Amino acid sequence: MNRLVVSCWALFGGAMLAIMIGLNSQLATRVTPLHASWVAHGLGAVSALLIIRLMAVNKPLEALPAGLKAPLWSYLGGIPGAFVVAVAAITVNGPLGLTGTLVLSICGQVLFSLLSDQWGWFGLLKRQLTVQRLMTLVPILVGSLLIISAKGSSA
Amino acid sequence: MIYVLIALLNGVLIAVARSLNGRLATAQGAFYSSWINHLVGFTVLTLILLASQGLAAPLGAVPWYAFLGGTIGALYVGLNSFVLVRLGTTQTTLLIIVGQLTISLFIDLWFGKITLGYDLTSLKLVVGCLLLVLGFYASVAWPAKNTT
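Residue numbers (the numbering used here), protein chains in the order written: chain A, 1 to 155; chain B, 1 to 148.
Chain B extracted, bound-state conformation:
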């Protein structure tokens, strides 16, 4: 049960970070908020590491492409803030999840981690994808009026 609460907290932390960055972006720009987000996160993690295991890490053994995650993260946070101010937190969250699951599914299919066939797993994947398309269509085609 405690694990369930911790996993929910994980989602809440993501949502809070998303909202704070979105609020900052309304005044200072989407990529400025991405810069501040990474700078503050880097500072906090530096302090945590200094207080625990130290900063030293065997980075020489890391393949070059694994370092691209930071750059792609900078793009992600910027886009996230850009969209959040225009569509709101819930819509942004939902559409980000659609993009995230679709691409990770494609990556898994591409690398053969998942193979489609006539089984229940494939049926769930196909129905799941159709529901994502339906949700995306509804989001674009029937925008709700702001009830401010």
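Bound conformation, chain A alone:
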């Protein structure tokens, strides 16, 4: 598939993430953050099943050197995902606040992704850091930090 089309789906995914965070934090003002995450996961499970059934989009993606069969551990992505909310609640309410948490979370995500891509962790393809990839990484990282710091100071 066209690289531009896939990249636009990634942007759309990021937009969904922002809206999801906004709605879930609305939920978390009425119930505890843990309950909000619990409800969102339950409704998310039902929704994903409906998406598969209604739209028939449950096609495997692409063959990998590690083989097509999914190892047992790849079913456990929901566990780190479930702890994200609890971990974020600690730092958002601490001295770092929302801005500091967001900046460090992005740094953690990018650093870990770089390591993971470099050596092909999790049975995914190796994608080593190149000058071309830095041309994407540096502007996006600097731009993100500028936007987050500007929003932090205006809030």
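Note that these hints are calculated values from the structure, not bench results. Quick caveat: nothing in here was measured; it's all calculated off a predicted structure. Backbone N, C-alpha and C fix where the C-beta goes; we use that ideal spot for every residue, glycine too.
For the chain B half of the interface with chain A, some residues (derived, Cβ under 10 Å), not all of them:
hint, residue
1, Y3
2, S52
3, A57
4, F67
5, T90
6, G128
Could you slot chain B onto chain A? The hints should help.
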């Protein structure tokens, strides 16, 4: 300092979840991975809640639209897995961040939480957005060859 490490751990957890879901999606499909992700997360959170504060919550007081976060989350995880297998973890992470920050900035401008003017804050926002556009352009226009 401990807070810095915890906040970095937050990012690492997100990246690990993203990679595991991507690996599952390569064999079983993007939305299957979204379904399993939410099912496993729901189970873990059910156990944590049962062991701590119990499941009861005043859900009647919640406005209807606040429940849509789960559905949108199902879409997000599916799209995330779909893209990750094609572009790799780092590129996916970066592009998701671009989409996330752009939309949340639009939402803040729309609801008047941020107003643009001739000040340093607005300058940072505009330069930041231009850098995001540059990064996105570079990602699409100059794809790196896989060095497997």
